[in-house]
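Protein chains in written order, with the numbering used here: chain C, 17 to 94; chain Z, 17 to 94; chain D, 17 to 94; chain U, 17 to 94; chain H, 17 to 94; chain R, 17 to 94.
Because the hints were derived from the structure by calculation, they are not lab data. One thing to keep in mind: the hints can contain errors.
No distinction is drawn between identical chains; accordingly, a pair holds when it is met within one copy or between any pair of copies.
Stated by the list, open to error - Only pairs whose alpha carbons sit at most 27 Å apart, straight line, appear in this in silico DSSO-like list of lysine-lysine:
| hint | residue 1 | residue 2 |
| --- | --- | --- |
| 1 | 50 | 35 |
| 2 | 26 | 75 |
| 3 | 75 | 50 |
| 4 | 50 | 26 |
| 5 | 35 | 75 |
6 protein chains.
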Amino acid sequence: MVNSIVLPIKKVFSLVETKINIEIKDERRIFVGKLVAVDEYMNVHIEEAVERIPGEADKSHDSLVIRGNNILSIAPAA
Amino acid sequence: MVNSIVLPIKKVFSLVETKINIEIKDERRIFVGKLVAVDEYMNVHIEEAVERIPGEADKSHDSLVIRGNNILSIAPAA
Amino acid sequence: MVNSIVLPIKKVFSLVETKINIEIKDERRIFVGKLVAVDEYMNVHIEEAVERIPGEADKSHDSLVIRGNNILSIAPAA
Amino acid sequence: MVNSIVLPIKKVFSLVETKINIEIKDERRIFVGKLVAVDEYMNVHIEEAVERIPGEADKSHDSLVIRGNNILSIAPAA
Amino acid sequence: MVNSIVLPIKKVFSLVETKINIEIKDERRIFVGKLVAVDEYMNVHIEEAVERIPGEADKSHDSLVIRGNNILSIAPAA
Amino acid sequence: MVNSIVLPIKKVFSLVETKINIEIKDERRIFVGKLVAVDEYMNVHIEEAVERIPGEADKSHDSLVIRGNNILSIAPAA
Numbered sequence: 017m018v019n020s021i022v023l024p025i026k027k028v029f030s031l032v033e034t035k036i037n038i039e040i041k042d043e044r045r046i047f048v049g050k051l052v053a054v055d056e057y058m059n060v061h062i063e064e065a066v067e068r069i070p071g072e073a074d075k076s077h078d079s080l081v082i083r084g085n086n087i088l089s090i091a092p093a094a
Numbered sequence: 017m018v019n020s021i022v023l024p025i026k027k028v029f030s031l032v033e034t035k036i037n038i039e040i041k042d043e044r045r046i047f048v049g050k051l052v053a054v055d056e057y058m059n060v061h062i063e064e065a066v067e068r069i070p071g072e073a074d075k076s077h078d079s080l081v082i083r084g085n086n087i088l089s090i091a092p093a094a
Numbered sequence: 017m018v019n020s021i022v023l024p025i026k027k028v029f030s031l032v033e034t035k036i037n038i039e040i041k042d043e044r045r046i047f048v049g050k051l052v053a054v055d056e057y058m059n060v061h062i063e064e065a066v067e068r069i070p071g072e073a074d075k076s077h078d079s080l081v082i083r084g085n086n087i088l089s090i091a092p093a094a
Numbered sequence: 017m018v019n020s021i022v023l024p025i026k027k028v029f030s031l032v033e034t035k036i037n038i039e040i041k042d043e044r045r046i047f048v049g050k051l052v053a054v055d056e057y058m059n060v061h062i063e064e065a066v067e068r069i070p071g072e073a074d075k076s077h078d079s080l081v082i083r084g085n086n087i088l089s090i091a092p093a094a
Numbered sequence: 017m018v019n020s021i022v023l024p025i026k027k028v029f030s031l032v033e034t035k036i037n038i039e040i041k042d043e044r045r046i047f048v049g050k051l052v053a054v055d056e057y058m059n060v061h062i063e064e065a066v067e068r069i070p071g072e073a074d075k076s077h078d079s080l081v082i083r084g085n086n087i088l089s090i091a092p093a094a
Numbered sequence: 017m018v019n020s021i022v023l024p025i026k027k028v029f030s031l032v033e034t035k036i037n038i039e040i041k042d043e044r045r046i047f048v049g050k051l052v053a054v055d056e057y058m059n060v061h062i063e064e065a066v067e068r069i070p071g072e073a074d075k076s077h078d079s080l081v082i083r084g085n086n087i088l089s090i091a092p093a094a
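Could you put the whole structure together from the sequences, leaning on the hints where they help?
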């Protein structure tokens, strides 16, 4: 299958050690941080992260593991 | 099993490199973009995407990975 | 195990090429269409489908793949 | 492991061909019907079923497949 | 891996034949009952159970199978 | 694959026997406690735990197993 060469998770693997945007499902909550590690379930380990929730003050996290099933999307930080 | 010849995911694989509509579960949120890659969990990598939420301004995304479990449906873009 | 002979998914496989009702979880949203393909996760590919949401106008879809985890129930169309 | 002898799903298998109560997650929706088939994911095929939603009229279903991930609990019908 | 020796599910296995508290996700609903069986997905079979929903009368269940994905937490009954 | 060396779950394994913060999906509910055990699904067994829900009194738990699918994030306790 040609598609397996460019699996979506490979795109995420290519972002390790870079700054990413993670949107959480249902909450309009965003985490922006450095992607330290990711696995096939899109569980991610991020560092130096900022958490943004509309209408609330930003929170910072030195080190955080987010379980993949909560993640709507991952993209390179602008 | 005859059905395995025409698995639903095969339909999605056939849409790679074309423009698709992705509807997100529960939110009436739509992403329209070029399908770059998809895997068996319906995780998708899309490019040149527009995100539409009713009552909000459209957002554009150069490159975005959406986790499959958030996806209600995928269809060819009209 | 006697039960494995009549797995629920076999019932759905028997509906391929017929008109089915699909109810979506949490939303009272119904899709009625011809079942083209289904897999063991209840991912479905339907054609000539109508989407019904209470209080809204019906929408039609030529071809649509619905991810199984969003599906509450599948039944033969009345 | 002693527990594997009495797996919860075995309890459900023992209810095949009997009348059961199925409660749907989040909705206080109940299906009462004859359990025709069930698999390890608790996907169920029921027949001669009645669907009860608080504050609404009952609906009847000749034959219905419910995807297991929507099911909160299964019990013998009182 | 040292951790695999003390898997969380082993803690739940150790509670078989004892009275447990089960909290359901999102609903503040609690089931208190004797744990008859549990599997690796935390599907549970309980007996002589009481169901408590804030602001409602308690309900009793002779025998009930709860699908694991609905369970937030399991603990020994106080 | 280089990434597999530093899987996100390894970060969580490294927190066993230390005090952690667990945020529950959708509820702004936090558990702070000693991580006794964790598995690959992020099911966790915690002890000497405090449960915090905004606007409610804290609750304490001697021993609690939380099913991984409810967990949004895990981090070292500040």
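Verification of the hints:
no.: 1; hint: 50 to 35; in the structure: both (4 Å within a copy, 23 Å between copies)
no.: 2; hint: 26 to 75; in the structure: between (29 Å within a copy, 24 Å between copies)
no.: 3; hint: 75 to 50; in the structure: both (15 Å within a copy, 23 Å between copies)
no.: 4; hint: 50 to 26; in the structure: both (17 Å within a copy, 17 Å between copies)
no.: 5; hint: 35 to 75; in the structure: both (17 Å within a copy, 20 Å between copies)
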